[in-house]
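If you read the protein sequences in the order shown, they are chains A and B. Its first residue numbered 74, the first sequence is counted upward by one per residue in the working numbering. Its first residue numbered 2, the second sequence is counted upward by one per residue in the working numbering.
Treat the hints as calculated values from the structure; they're not laboratory data. Treat the hints with care, since some could be wrong.
As the list claims (entries may be wrong) - Quick list of in silico lysine-lysine cross-link-like pairs, DSSO-like style, CA-CA up to 30 Å: (1) B:72 - A:179; (2) B:63 - A:179; (3) A:179 - B:84; (4) A:122 - B:12; (5) B:45 - A:179; (6) B:84 - A:134.
What the hints assert, rightly or not - Here are the in silico distance ranges between beta carbons for each label pair: (7) A:129 - B:72: 41 to 49 Å; (8) B:73 - A:90: 43 to 51 Å; (9) B:115 - A:187: 43 to 51 Å; (10) A:129 - B:69: 26 to 34 Å; (11) B:21 - A:112: 36 to 44 Å; (12) B:79 - A:112: 27 to 35 Å; (13) B:60 - A:150: 26 to 34 Å; (14) A:113 - B:60: 22 to 30 Å; (15) B:79 - A:113: 21 to 29 Å; (16) A:90 - B:18: 32 to 40 Å; (17) A:134 - B:9: 43 to 51 Å.
Note that beta-carbon positions come from the ideal geometry of N, C-alpha and C, so glycine has one too.
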Amino acid sequence: AQSVTQPDIHITVSEGASLELRCNYSYGATPYLFWYVQSPGQGLQLLLKYFSGDTLVQGIKGFEAEFKRSQSSFNLRKPSVHWSDAAEYFCAVGARSGYSTLTFGKGTMLLVSP
Amino acid sequence: EAGVAQSPRYKIIEKRQSVAFWCNPISGHATLYWYQQILGQGPKLLIQFQNNGVVDDSQLPKDRFSAERLKGVDSTLKIQPAKLEDSAVYLCASSLGTSTGELFFGEGSRLTVL
Chain A
74 AQSVTQPDIH ITVSEGASLE LRCNYSYGAT PYLFWYVQSP GQGLQLLLKY FSGDTLVQGI
134 KGFEAEFKRS QSSFNLRKPS VHWSDAAEYF CAVGARSGYS TLTFGKGTML LVSP
Chain B
2 EAGVAQSPRY KIIEKRQSVA FWCNPISGHA TLYWYQQILG QGPKLLIQFQ NNGVVDDSQL
62 PKDRFSAERL KGVDSTLKIQ PAKLEDSAVY LCASSLGTST GELFFGEGSR LTVL
């Protein structure tokens, strides 16, 4: 069974500083990988996804993520955080076959300090 | 393009009462998902429909939860009788097909069971 680990429950970053949110997955092969963001009281919005090809993927709002097969990781990064980035971030993994669905991590809450 | 619509946004009930949530997916999306998101956790899949057929309900507590997707469009999730541990946000999502791709989420229905 696939699983996702997001080791950081909360992260606080100063506005303008860089950000890296960690994500490790467990899956027998190369999965599909996603990062979603959830603002308070809102649904989840897709930031970016990895299906194949270039292991560095670009997403919306200036986010990027790098797939590292050897480390089973898909960490999310942003070079300069804005106060509006404060939200909860979820990493998700999906299988490449069948009626696959997404398995989510427990999320990382990002707090942005002035 | 209209997004995934859910109602009600908030519901408070007493334990042992029943509740129903409604979801209208994005037009043309064949796959519909119901996720349960307990506070502090990532979304957990309850049930996945492909058109009006169920493709995964392995994590649906079938003694109290039921879901249907009549005519392959709208869906209803019902809980009867509710327990305290059912307090959560119920997220509906839809996608174009069955292979893992982008899921589009509604804003969720927040249930509080007293």
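Okay, the hints, checked on the actual structure:
| no. | hint | in the structure |
| --- | --- | --- |
| 1 | B:72 - A:179 | violated, 34 Å |
| 2 | B:63 - A:179 | holds, 24 Å |
| 3 | A:179 - B:84 | holds, 22 Å |
| 4 | A:122 - B:12 | violated, 33 Å |
| 5 | B:45 - A:179 | holds, 10 Å |
| 6 | B:84 - A:134 | violated, 39 Å |
| 7 | A:129 - B:72: 41 to 49 Å | holds, 43 Å |
| 8 | B:73 - A:90: 43 to 51 Å | holds, 47 Å |
| 9 | B:115 - A:187: 43 to 51 Å | violated, 38 Å |
| 10 | A:129 - B:69: 26 to 34 Å | violated, 42 Å |
| 11 | B:21 - A:112: 36 to 44 Å | violated, 26 Å |
| 12 | B:79 - A:112: 27 to 35 Å | holds, 28 Å |
| 13 | B:60 - A:150: 26 to 34 Å | holds, 32 Å |
| 14 | A:113 - B:60: 22 to 30 Å | holds, 26 Å |
| 15 | B:79 - A:113: 21 to 29 Å | holds, 27 Å |
| 16 | A:90 - B:18: 32 to 40 Å | violated, 48 Å |
| 17 | A:134 - B:9: 43 to 51 Å | violated, 30 Å |
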